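S.K.: Now for the letters of each chain:
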Amino acid sequence: MKKRVLSFLTAAVMTTAMILSGCSGSQTAATTAAPAATETKAETTEAAKTEAATTTAAPAEKKEIVVGFSQVGAESDWRTANTESMKSTFTEANGYKLIFDDAQQKQENQLKAVRNFIQQDVDYIVIAPVTETGWDTVLQEAKDAGIPVIIVDRMINVSDDSLYTAWVGSNFLQEGYDAVAWLDDYLKKNNKADSDINIVTLQGTIGSSAQIGRTNGVEEKMKDHPKWKMLERQTGEFTQAKGQEVMESFLKTYKDINVVIAENDNMAFGAIDAIKAAGKTCGPKGDIIIISFDAVSAAFDSMIAGDMNVSVECNPLHGPRVAEIIQKLEKGEKVDKIAYVKEGVFPADTAAAEKPKRQY
Amino acid sequence: MNKGKAFIKRLTGYRLFLPLFCLVLVLFSNLIKTPGFFEVTIKNGVLYGYIIDVINRASDLVILAVGMTLVVAASGGTDISVGAVMSVAGAVCCFILSGGQQSVNEFVNPYILGVLAAILAGILCGCFNGFLVAKLKIQPMVATLILFTAGRGIAQLITKGQITYIRVESYKMLGSSIPGIPIPTPVFVALIVVLLTYVLLKKTTLGLYIQTVGINAKASKLMGIKSAMIIFLSYVFCGLCAGISGLVASSRIYSADANNIGLNLELDAILAVALGGNSLAGGKFSLLGSVIGAYTIQALSTTLYAMGVSPDQIPVYKAIVVVVIVALQSTELKRMVSKLQTNVKSGKKVA
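Those sequence lines, one after another, are chains A and B.
Just so you know, we're using our numbering here: the first sequence kicks off at 1 and counts up by one.
Just so you know, we're using our numbering here: the second sequence kicks off at 361 and counts up by one.
The following block holds chain A by itself, in its conformation from the complex (with noise of 0.2 Å):
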C-alpha cells in the first residue's frame, strides 16, 4: 500500500511539474516581467562590474567583443543553417565570443536568455524572436543597460522603434517580385510571352509574414502581365500533406493549370505529387511550371530530378550581414534600421552544379 501511495506521489509531482512547464510559463514571464525590470537594472551594474573585475578581465583586454544570441529552436534545416552561420561567423579567431542560448520555441525561455546576456554585460545582443509581440519590456532594459540589441529573421512588434538598433532578415516582398520576374523572362525564353498562362498559388498559413510578403509580391507585379490570370489561391499550411490536398483539388477544378505558384518548398513537393497523381506533368520538361520558394536542399534534389523549375531563396545566412552591422557600430557609425540578406534564384538548369555548393 505504502509504496502505492508513494508512486502514485511522484507521478502527480512530476505530471504537474510537466504542465506547469509546458504551459504557464509564458504567462508568468510577462506578469513577473515589470517588477523585475527595475531589480535587474540596479544589479546589473554592479554584477557587470564584479564580473568584469574576475573573469572577463583578461578577454576584455584584447578587446574581443561578446554577442549574445537567442535562438528560436532547431525546428527545421532552414533554423540549423541560421544557427551555423551565426556560429561560424561569431567565432574567437574573427574576434568575437558568442553565448548561445537556444529557446526551443518559447519565448519566455529568451525573455530569460536576454536577461541573462544584459547580466553578463554582453557588448551585443542578437534575437530571432519566437513571436512578434510581448518584447517591449526586456529591450526597454537592454536599451537602459546601453546593449544594442539586433534582431534576426522574424520582425518584431514593439510601441518604440528605437528598443531595437537594426533588422537583419530576408525581404519576402522581394522574393514574390524575384518569382514573376523568373516567370516573365522563362515564359518569353519559351515562346510563351503571349499565351494566356494560368496560375494557381498554395499559400502558407496566412498571417505569416512570409506568407504575406511572398502573396503581395507576386500580386503587385502580375498587374504588369495581363495575360496571367489567377485562378485561385488556397492555403496548404506550409505543409506537404496540406500542400498535396489542395493541389489535389485546384487539379479537378481546373483543367488547364499552368503555373503553380506554392509557397514553400514542402507543399511544392506535395503539390508534385498530386500533378503526377492526376496523370499530368511537371517540372522544366513538363506541362504545369512549379515555382517554389526557400531553396532547401531537399528542393535542389527536386530540381535535379526534374519536377521543379525554380526555387526563390529565403537566405539563413544572417551571420555575415549581423557582424558588419557590429562592426559599423564598433566604429561608432550609423547603421540602417532594416537590412536584408542577399538572396538568389535557382532555376532548376543550375540546380546540379549550385547543390554541392549549398551550406543548407
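The set of hints was computed from the structure by calculation and includes no laboratory data.
It is possible that part of the hints are untrue.
With a straight-line cut-off of 20 Å between C-alpha atoms, the simulated PhoX-like cross-links for lysine-lysine are [as the list claims (entries may be wrong)]:
| # | chain 1 | residue 1 | chain 2 | residue 2 |
| --- | --- | --- | --- | --- |
| 1 | A | Lys106 | B | Lys586 |
| 2 | A | Lys63 | A | Lys328 |
| 3 | B | Lys520 | A | Lys87 |
| 4 | B | Lys699 | B | Lys369 |
| 5 | B | Lys563 | B | Lys644 |
| 6 | A | Lys143 | A | Lys337 |
| 7 | A | Lys255 | A | Lys280 |
| 8 | A | Lys63 | A | Lys87 |
| 9 | A | Lys227 | A | Lys255 |
| 10 | A | Lys280 | B | Lys403 |
| 11 | A | Lys280 | B | Lys532 |
| 12 | B | Lys497 | B | Lys578 |
| 13 | A | Lys97 | A | Lys328 |
| 14 | B | Lys403 | A | Lys255 |
| 15 | A | Lys192 | A | Lys229 |
| 16 | B | Lys393 | A | Lys255 |
| 17 | A | Lys63 | A | Lys97 |
| 18 | B | Lys694 | B | Lys365 |
| 19 | A | Lys276 | B | Lys532 |
| 20 | A | Lys355 | A | Lys342 |
| 21 | A | Lys276 | B | Lys403 |
Quick look at which bits of chain B chain A covers, simulated, 3 or more residues with Cβ under 8 Å [to be verified]:
| # | region |
| --- | --- |
| 22 | 399-411 |
| 23 | 519-531 |
| 24 | 604-614 |
Here are some, though not all, of the chain B residues that point toward chain A, as calculated from beta-carbon distances under 7 Å [to be verified]:
| # | residue |
| --- | --- |
| 25 | Arg417 |
| 26 | Asn620 |
| 27 | Tyr665 |
| 28 | Ala666 |
| 29 | Gly668 |
| 30 | Pro671 |
| 31 | Asp672 |
A quick note: this is a predicted structure, and the numbers were derived from the prediction, not measured.
Glycine is no exception: its CB is placed at the ideal position from the N, C-alpha and C atoms.
Chain B: place on chain A using the hints.
M.R.: Structure of chain B alone, referenced to chain A:
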C-alpha cells in the same frame, strides 16, 4: 399513407440516421457549385475524383476516431495526445528505415521492422496514457496532456529536429496506392481497422464491457468486471490506432515531419466522435457513428476547397456547419421543438 409515415418514423428513429443525413447533406451541397463532384474517372490506374479524395483523405481521421470512440465510451474522457502519438510513430518508423540518416533512397532496415516499431511506439504511448488514467485515476485530459506536449518533442528528438525523407517507392504505397489496385491504400487500412474493431466488439463481450464501465465504473466493478483494465485497454487501443494512422500520414509524405504530422488532428477526432451522435460523457457508443463523423469532417474540408472558399474564411464556414450538425442531434433541442409543436396543437384546439 400510414405505411409511408411509419417507414419515415422508423428511418428517423434509427440511431445513425442523423449523422448519415448530415454527411449526405454536406456531400450533396456540392451539386450547386461543383456539378462534377461525384464524377469518378481512372487516372494512372487509380480512381480519381473529389469523392475519392474525401474517402482517401479521411482515412487517417477514421482510424483515429475508432480509437477515440472507445476511449470516450470507457472513460468518459478524451485522449488529446493522438496527434502527437502519430508524429512519434512516424518518426520511429522513418528513423529505423533510414538508420538515422536524413534522406535515404533505399531501406536501411527491413520495412516490416519499421512498421512494427511504429505500431509498438503507438501502443507504448497508449499504455502510458492508460496507466495514468486507469491506475492512477488522473483525469483523462490532464493525463494525455503530458504526451500532447511532450510527444512532438520526443518525435523531434528521434528525427534530430529535421524532416527525415524515405524516398522509396514501396514506402509510399501505404499512403498512395499499390500498382494494379485502383483504390487508394489508406481506404483499405481504414476499412480493415473499422471492420476488425467492429467484429471484436460485437463477437466478444468487450463492447458490452466498455459500455458498462462507461456508464458506471463502480457498479461494473461490483459486477466483477475489471473496470480499470477495460479503461487501460481502451487507451492502449487508441494508441495503437494513432500509431497506424501515423504510419499512413508519414507514408503520404514519405517522410517524418515531427512538427506537422497529425497536427490538430486530435481535435478533429474528438469532433468526429461527437458528430457521430456519441455522448462525450461515456457509456453507450456507436462506432459507425464516429466513422461517419470522420467522413463528414473531411467531406466538409474537400467541399470548401472545391467551392473555392478563400482560406481566411474557411474556419468560419466549418464552425457554422459543425454547430448546425451538433444542434440537430441535441436531444434538448428536440424536446424544445416537440414542446413547441404540442403547444401549437393545443392552442389550435382551444381556439
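S.K.: Measuring from the C-beta of glycine 668 (chain B) to each C-beta in chain A, is the shortest one below 7 Å?
M.R.: holds (5 Å)
S.K.: Given the proposed pairing of lysine 280 (chain A) with lysine 403 (chain B), does the C-alpha separation stay at or below 20 Å?
M.R.: It holds: about 9 Å lies between the C-alpha atoms, which stays within 20 Å.
S.K.: Hinted pair, alpha-carbon criterion (20 Å max): lysine 63 (chain A), lysine 97 (chain A). Please report holds or violated.
M.R.: Given pair lysine 63 (chain A), lysine 97 (chain A) holds - Cα atoms ~10 Å apart, limit 20 Å.
S.K.: Quick check: do three or more residues in the region 399-411 of chain B have a beta carbon closer than 8 Å to a beta carbon of chain A?
M.R.: holds (count 6)
S.K.: With a cut-off of 20 Å on the C-alpha distance, tell me whether lysine 276 (chain A) and lysine 532 (chain B) pass.
M.R.: holds (13 Å)
S.K.: Take the region 519-531 of chain B, compare each residue's beta carbon with every beta carbon of chain A, and decide whether three or more fall closer than 8 Å.
M.R.: holds (count 4)
S.K.: Has the given pair, lysine 393 (chain B) with lysine 255 (chain A), been kept, meaning a C-alpha gap of at most 20 Å?
M.R.: holds (16 Å)
S.K.: For a C-alpha distance cap of 20 Å, please report whether lysine 255 (chain A) and lysine 280 (chain A) respect it.
M.R.: Given pair lysine 255 (chain A), lysine 280 (chain A) holds - Cα atoms ~11 Å apart, limit 20 Å.
S.K.: Measuring from the C-beta of alanine 666 (chain B) to each C-beta in chain A, is the shortest one below 7 Å?
M.R.: Nearest chain A Cβ about 6 Å off; hint holds.
S.K.: So, as I understand it, the hint says aspartate 672 (chain B) touches chain A; can you test that by seeing if any CB pair is closer than 7 Å?
M.R.: Status holds, d = 5 Å.
S.K.: Go through the hint on proline 671 (chain B) and say holds or violated, using the shortest Cβ distance to chain A against 7 Å.
M.R.: Constraint on proline 671 (chain B) satisfied, holds at 4 Å.
S.K.: Take the C-alpha atoms of lysine 276 (chain A) and lysine 403 (chain B), compute the straight-line distance between them, and say whether it is at most 20 Å.
M.R.: holds (10 Å)
Comparing the model with each earlier hint shows a violation of hint 1 alone; every other hint is respected.
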